[in-house]
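Asks: Dock chain B against chain A, hints included.
Number of protein chains: 2
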Amino acid sequence: MPASAALEVMEDRGIKLLNAKEDSYGGVVVNVEEPMDSVVFASLLQSSMSKWREQGKKGVWIKLPIKYVNLVEAVVKAGFRYHHAEPDYLMLVHWIPKTADLLPANASHVVGIGALVMNDNREVLVVQECNGWFKGTGIWKLPTGTIEEGEDISAAAVREVKEETGIETEFVEVLAFRQSHKSFFQKSDMFIVCMLQPRSFDIQMQTSEIAAAQWMPIEDYAAQPFVKQNLGFGSIAKICLEKLDGKYTGFTPLPTISTSGKKTYLYFNKHLAGHLFSSKDHQA
Amino acid sequence: MPASAALEVMEDRGIKLLNAKEDSYGGVVVNVEEPMDSVVFASLLQSSMSKWREQGKKGVWIKLPIKYVNLVEAVVKAGFRYHHAEPDYLMLVHWIPKTADLLPANASHVVGIGALVMNDNREVLVVQECNGWFKGTGIWKLPTGTIEEGEDISAAAVREVKEETGIETEFVEVLAFRQSHKSFFQKSDMFIVCMLQPRSFDIQMQTSEIAAAQWMPIEDYAAQPFVKQNLGFGSIAKICLEKLDGKYTGFTPLPTISTSGKKTYLYFNKHLAGHLFSSKDHQA
Numbered sequence: 001m002p003a004s005a006a007l008e009v010m011e012d013r014g015i016k017l018l019n020a021k022e023d024s025y026g027g028v029v030v031n032v033e034e035p036m037d038s039v040v041f042a043s044l045l046q047s048s049m050s051k052w053r054e055q056g057k058k059g060v061w062i063k064l065p066i067k068y069v070n071l072v073e074a075v076v077k078a079g080f081r082y083h084h085a086e087p088d089y090l091m092l093v094h095w096i097p098k099t100a101d102l103l104p105a106n107a108s109h110v111v112g113i114g115a116l117v118m119n120d121n122r123e124v125l126v127v128q129e130c131n132g133w134f135k136g137t138g139i140w141k142l143p144t145g146t147i148e149e150g151e152d153i154s155a156a157a158v159r160e161v162k163e164e165t166g167i168e169t170e171f172v173e174v175l176a177f178r179q180s181h182k183s184f185f186q187k188s189d190m191f192i193v194c195m196l197q198p199r200s201f202d203i204q205m206q207t208s209e210i211a212a213a214q215w216m217p218i219e220d221y222a223a224q225p226f227v228k229q230n231l232g233f234g235s236i237a238k239i240c241l242e243k244l245d246g247k248y249t250g251f252t253p254l255p256t257i258s259t260s261g262k263k264t265y266l267y268f269n270k271h272l273a274g275h276l277f278s279s280k281d282h283q284a
Numbered sequence: 001m002p003a004s005a006a007l008e009v010m011e012d013r014g015i016k017l018l019n020a021k022e023d024s025y026g027g028v029v030v031n032v033e034e035p036m037d038s039v040v041f042a043s044l045l046q047s048s049m050s051k052w053r054e055q056g057k058k059g060v061w062i063k064l065p066i067k068y069v070n071l072v073e074a075v076v077k078a079g080f081r082y083h084h085a086e087p088d089y090l091m092l093v094h095w096i097p098k099t100a101d102l103l104p105a106n107a108s109h110v111v112g113i114g115a116l117v118m119n120d121n122r123e124v125l126v127v128q129e130c131n132g133w134f135k136g137t138g139i140w141k142l143p144t145g146t147i148e149e150g151e152d153i154s155a156a157a158v159r160e161v162k163e164e165t166g167i168e169t170e171f172v173e174v175l176a177f178r179q180s181h182k183s184f185f186q187k188s189d190m191f192i193v194c195m196l197q198p199r200s201f202d203i204q205m206q207t208s209e210i211a212a213a214q215w216m217p218i219e220d221y222a223a224q225p226f227v228k229q230n231l232g233f234g235s236i237a238k239i240c241l242e243k244l245d246g247k248y249t250g251f252t253p254l255p256t257i258s259t260s261g262k263k264t265y266l267y268f269n270k271h272l273a274g275h276l277f278s279s280k281d282h283q284a
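Protein chains in written order, with UniProt numbering: chain A, 1 to 284; chain B, 1 to 284.
Hints were generated in silico from the structure; no laboratory data involved.
Just to be clear, a hint being listed does not mean it is correct.
Copies of the same chain look alike in the list, so a pair counts if it works inside one copy or between any two.
[Said to hold, decoys possible] BS3-like, lysine-lysine: derived pairs with alpha carbons at most 27 Å apart:
| no. | residue 1 | residue 2 |
| --- | --- | --- |
| 1 | Lys51 | Lys182 |
| 2 | Lys21 | Lys77 |
| 3 | Lys135 | Lys58 |
| 4 | Lys262 | Lys21 |
None of the values given here were measured: they were computed from a predicted structure.
Isolated chain A, as found in the complex (with noise of 0.2 Å):
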């Protein structure tokens, strides 16, 4: 056991503990910062675990980085269960009550976007990629992404379309949102369809993910067997045209606080509440 992980652990009446902070519904966590041997590390965690049960603590959390990967099977071993993963680490987690387990749950949305972009001559931007259920049937499909961790929908939005198309964009609103399941091993996936205002108009692609992109009538986008015969795209190209015919609101984005102070966007129909809200309460 090198010295530095000395660190993770304190004293108590003599018995040595894993080190622990408290979280805010009487549980505790322990992030692993130092390498330990599992042997020394699994003998700590029986002590560290007496103790919080004594002390009617609840939910366990064990983070460990994965280059501490030597220590998860003495977790598992200890009674723990996964909770989540990250590239970079494992989060174990463990119930102490006998009462039913109040953890919460993992993510359980992959969120991704589809992109609405359409110049003065109602030509829509479209790709064909060159990976996936898409590649080599060549049709002509709205820029997709998914959100990267943190990202806000519209900025992931005119992210995408940049990176693929090379067009500048303004977000403008979400017309639609698509909730399926099971779509990526068993978790689900919410995809926003947003439209964006183009603020440039020369394409660039990426090559790497994209095998051609234009700018294309829309009712040209529209007609394509696919898209007429897929009663999802079919529905959202509907949505779409009604929208660039001006018959269409969807949701906007507004500036607001969470419960915990945070900055958010609340998406809301704009056109019939926006009277509601002063553009001084709610800045971005």
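Replies: The following block gives chain B in isolation, referenced to the frame of chain A:
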């Protein structure tokens, strides 16, 4: 190595390899379904990786059930990283090519619902919570909850109201939604405000999560200092009042079909675009 583990292994010119399935993105997926010694597994993984590299495979996925936690370290030492985890398994991944990693992202959002349920006396269904941020504040809030794996937004809203208050409801529409970040272990949060029509009126409170529940005049709900002063809650309350006065339209779900043939719901402004869709095509 137990005899049953042989099920995991195939032979290629005398060299033992892990049994893998090809995915549709040029990669392979290994589902470990039998116990295996970690040293034996490490050696099989090494020869398999050589083979996959030779074959030009891209992403290699290894799904390890939690009961085979003894193999995690061997997979990480072979150069894999975590992709995601659920209570009962860990998914690890490795991108073989030297080109940029095109692996899909992990789920990034927890999706929650808030429910606006109003009776014929302009009273709204409100609760006080036993746990978390609102515990002991005396604040009356709309019932809220988290969408479970594979659950529709509308079903989650109906379930949460029933669980917390015993009230039966029917889903009407999405009034607004809010996206916020770093709400929980760096994950983002999508909070969807739904309107539901009550089908029963006698409250039967769930005691594990709810401290109090009642029907409350909507104006009294909106007049609570916390609701008035908090920009997020205040904005949602204003939209709810506008809806109850018949002056607001949100997004209504339309049954549709995804590209891969799954049933999905598209949420859109039906008030403006409902005439575009025939109920014959869109059956739930």
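Asks: Check each numbered hint against the structure and report the violated ones by number, ascending.
Replies: Of the numbered hints, just 1 does not hold.
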